[in-house]
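Novice: Chains as they are written, first to last, in the working numbering: chain X, 6 to 294; chain R, 6 to 294; chain C, 6 to 294; chain A, 6 to 294.
If you are wondering where the hints come from, they were derived from the structure by calculation, not from laboratory data.
Any given hint could be a false lead.
For identical chains, the list gives no copy identity; a pair is met inside one copy or between any two copies.
Below, simulated DMTMM-like cross-link-like pairs (lysine to aspartate or glutamate); rule was C-alpha separation at most 25 Å, straight line [stated by the list, open to error]:
id: 1; residue 1: K262; residue 2: E280
id: 2; residue 1: K262; residue 2: E67
id: 3; residue 1: K262; residue 2: E236
id: 4; residue 1: K262; residue 2: D52
id: 5; residue 1: K138; residue 2: E122
id: 6; residue 1: K262; residue 2: E122
id: 7; residue 1: K98; residue 2: E192
id: 8; residue 1: K262; residue 2: E160
id: 9; residue 1: K98; residue 2: D254
id: 10; residue 1: K262; residue 2: E172
Remember, it's a predicted structure, so these values are computed and weren't measured experimentally.
There are 4 protein chains.
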Amino acid sequence: MVDTISFMHGTLLFWCPDRPGIVSAVSGHLYANGCTILHADQYSDPDTGLFYQRIAFESGDEAPDRDELTEGFAALAATQELDWRLSWSDQPKRVALLVSRQDHCLWDILLRRRWGELPCEIACVISNHEVTKDVAATFDVPFHVLPVDDGNRAEQEGRITELLAREQIQLGILARYMQILSPEFIEAAPCPLINIHHSFLPAFSGARPYHQARQRGVKFVGATAHYVTSELDAGPIIAQDVIRCSHLDSVEDLTCKGRDVERLVLARAVRWHLEDRILPGPGRVVVFE
Amino acid sequence: MVDTISFMHGTLLFWCPDRPGIVSAVSGHLYANGCTILHADQYSDPDTGLFYQRIAFESGDEAPDRDELTEGFAALAATQELDWRLSWSDQPKRVALLVSRQDHCLWDILLRRRWGELPCEIACVISNHEVTKDVAATFDVPFHVLPVDDGNRAEQEGRITELLAREQIQLGILARYMQILSPEFIEAAPCPLINIHHSFLPAFSGARPYHQARQRGVKFVGATAHYVTSELDAGPIIAQDVIRCSHLDSVEDLTCKGRDVERLVLARAVRWHLEDRILPGPGRVVVFE
Amino acid sequence: MVDTISFMHGTLLFWCPDRPGIVSAVSGHLYANGCTILHADQYSDPDTGLFYQRIAFESGDEAPDRDELTEGFAALAATQELDWRLSWSDQPKRVALLVSRQDHCLWDILLRRRWGELPCEIACVISNHEVTKDVAATFDVPFHVLPVDDGNRAEQEGRITELLAREQIQLGILARYMQILSPEFIEAAPCPLINIHHSFLPAFSGARPYHQARQRGVKFVGATAHYVTSELDAGPIIAQDVIRCSHLDSVEDLTCKGRDVERLVLARAVRWHLEDRILPGPGRVVVFE
Amino acid sequence: MVDTISFMHGTLLFWCPDRPGIVSAVSGHLYANGCTILHADQYSDPDTGLFYQRIAFESGDEAPDRDELTEGFAALAATQELDWRLSWSDQPKRVALLVSRQDHCLWDILLRRRWGELPCEIACVISNHEVTKDVAATFDVPFHVLPVDDGNRAEQEGRITELLAREQIQLGILARYMQILSPEFIEAAPCPLINIHHSFLPAFSGARPYHQARQRGVKFVGATAHYVTSELDAGPIIAQDVIRCSHLDSVEDLTCKGRDVERLVLARAVRWHLEDRILPGPGRVVVFE
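Whenever a hint applies, use it, and build me the whole structure from the sequences.
Specialist: Okay, here's the thing in structure tokens:
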């Protein structure tokens, strides 16, 4: 994939055991290759000894083309023993939305995309129900209905995997997809998956969280966006937020507040992923907001 | 206890199964007895069918004296089958503070008392260590040190109970008292106890919550103030709050943010109790802020 | 308007100079007329000496019909010199949305209506531009385009007034309507108007608030929902909220955060109005959340 | 000042017009001089074209001594045309607290210092009143009373300046110092000054802000910490925060909430200054939290 425009905006993520000279080596390499650093964030984790950096850069007229830059960086990474990821702003990620009956997160992501808040292409909506078909149609997004019941679970998951692969999806968003995905599916998924959890993890992780919250008299409802791992609802937390509540809030009021906070938190997590602001660590992620 | 001043400010709390006519009966009784309602809050819980009301009132020149008012209200409560509590603003509650080594909540309560934020008399500070003696002395509050170890736990708790009784304490504040109190002590305590929990319940309820929070990558630290019941850390929640954090926060930073939120939350809960804003319900409390 | 169903949910708002016996008189009247109080809030303003109450009630089988109840209450209000308003939950308010080019508040109100969060009928969308026509069509809401320029302002405003009257609108929502309305229009409007102000009043009240905020280095962006009065942006505040920001936020980021907080704040204010939770006071309003 | 310990923690702040190669030049220089970057933050302001960086570093065994490092960096800064500041963690800044009658911010700073939250030496408390003398004594901090009235203002300010200079104060904290300082004093002050403003700037900047806030019906009270410049209350904002309020809050309640938010905001700003997290920009500052 040869790039012919003269300015390219790239984002480089890398992580490695911390040691002297990494920042100097990488920034020196970029400078030597005609790239200007626009923004950089770094973090050295005192608990694990790992170093994380995100560099947004611009390559100028004299910079090598995209392939050459990538190869050059691969060579550096090999020498310095870095894990890394490189992306380009003119290649927005392809995204699939997975939903069930509730549509508030679906609307929210589609609207934010339209308003220019989310740099991505929404390739399709996948659902186990027909009900959100019109929402997808409003935004001219292809809609795939893949019903599921106890008899066809493995087969339905297989069709989702196939669809994600065929559409070259780079991020799957579980926008209130109310089916528990099998570890096999999660292992096989060709892209990372972000889920919105209807509660403030680690709390009230079972069913009917707003009923539980109300019975316990809590003063906040929350939501948590996290990457999906094969351990249910235990994947790395990306974003969380809370809304104040009181005994005056009925379960309906809490549900309504829940919708607000779920939308905000999911959108925030998706945006950070799309802008390559999230780096993987052991058990948790580092987010450069 | 005869009251001779002509104006008295009282606060009446009552709760009962909801049914028509309660508000009318109680407000009519107060009006007929020369009392003016200054402020009233009420709540009918759709889940339990219970009704809760708090009425702050002023008794004028023609009102009966305090004893007579109390008797009159007792008679009404018997007729209407109400649970109730009546208090007077010129009789601030007597409070004891229980602490261990950490002093941030202790300072905060003592300072707020001095600034006029907390309508109470701080009768004494009780600690299992000597270290906060000077803090108590700064505010001329009697200090009792009652060391505890595995060998003398029951005896030490007995001495605390005795002290609370002798000092006629009406509220015990566990301002970072780091001993687990026995169910026997809690049963026998002559006053309600408010505890500040160094976490956002129900979450990270074990040891070293800030380490747990950091490892899990949570985005908020919180604190919870609750009444003490014999089930550890499961008493009714009174107040909660949170402070935003990120991967940048070290355990020391989280601890520091924890101190801030603990102080705010404990002070809020104590104030609500002292102002008779909290009514007991099944499993949780109703707070009229 | 005769009501034939046996249970009616009503909301009574009243306000008057405070004096003894009001609560007793009103609650006694409701009880005597077969009505059960479901929820009540009251507030006595120490600054102005005014008393405010909101009572949600249910009329049972033996209650008089709606007309009779209303007449009875009118008589009581005359005796007690109360200002008052009475509404019924089976008569949701008719609402008009006024918008210009930006559609985020429009989508938000329409979606929340669909999700059952806002008890109202959305009678029409009125705009000075064509661009949001499809949004209205998505929800099958009539759309009226009334272009405006310096030459036809009075005439255009006249047509809006006429439309509001003809459609029997009870609340006009300025959902990012970017025209300054004349005092004459505001005086003549047949319904209250709620505006969402793209800033945290009283601050940055002029143009380009996010540029101003950024240049001043503020740490929060906010939004304010208020009733429209003839004094520009000085009407009583109904709801406000803020979102944290930093020097890292570009004007685009602040605008995006602004959209989030504008949607939340406008929806909250509209809901409170529709649920009859707002009582008028001198210079400000009392909101029983 | 020769440093003899083998490890030194330093913090380097620099800012300059942005151009390619700065990060590479500075990080390369540190690496070449035996220094390891512990943490770095940088920001390129798209509005002004200015670049800001903060680097926390550790110098190892083979690094030159502190003087040599400083000279080396001065030479680099001259070549690269950087503005810069360099500080060492074993040289905590000397601080003076200026107060009047209200003591809540004074207590808060003194307590946080004791708890290890603020890396500084509190050299003295300066007041125009006697009343906080005992507070200073509690922490064994020298107390200077310098009364002021309209007749001796210039002279009193002169004595403050002299005191700040003699005590080699590096930061003056106006912890509710209720005198308007003259532009002459501010110009002549030998150290930066941080003020806590009892309101959410730019709003209610005059007297009795909580009365104003209450009359306007605002939903939040706030506080702003800023550097003092000769233009009253218009210096660069460092930190802000808000606390939710409602019509239920009396002026006393708002004042109490104000104390809470003032303490939090002032402490945060002071901490950021002491940790060298604040870089000066045109009209505002950049804070690397």
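Novice: Now, for every hint given, state plainly whether the structure supports it.
Specialist: Hints, one by one, checked against the model:
1. K262 / E280: Between copies only: 16 Å across, 27 Å inside.
2. K262 / E67: Answer is neither: 52 Å inside a copy and 37 Å across each miss the 25 Å cutoff.
3. K262 / E236: neither (27 Å within a copy, 30 Å between copies)
4. K262 / D52: Close across copies (19 Å), not inside one copy (36 Å); limit 25 Å.
5. K138 / E122: Answer is both: 23 Å inside a copy and 22 Å across each meet the 25 Å cutoff.
6. K262 / E122: Answer is both; intra-copy 22 Å and inter-copy 10 Å each pass.
7. K98 / E192: Close inside one copy (21 Å), not across copies (52 Å); limit 25 Å.
8. K262 / E160: Result: close neither inside a copy nor across copies, 36 Å intra and 41 Å inter.
9. K98 / D254: between (39 Å within a copy, 22 Å between copies)
10. K262 / E172: Cα proximity of K262 and E172: none, with 34 Å in one copy and 31 Å across.
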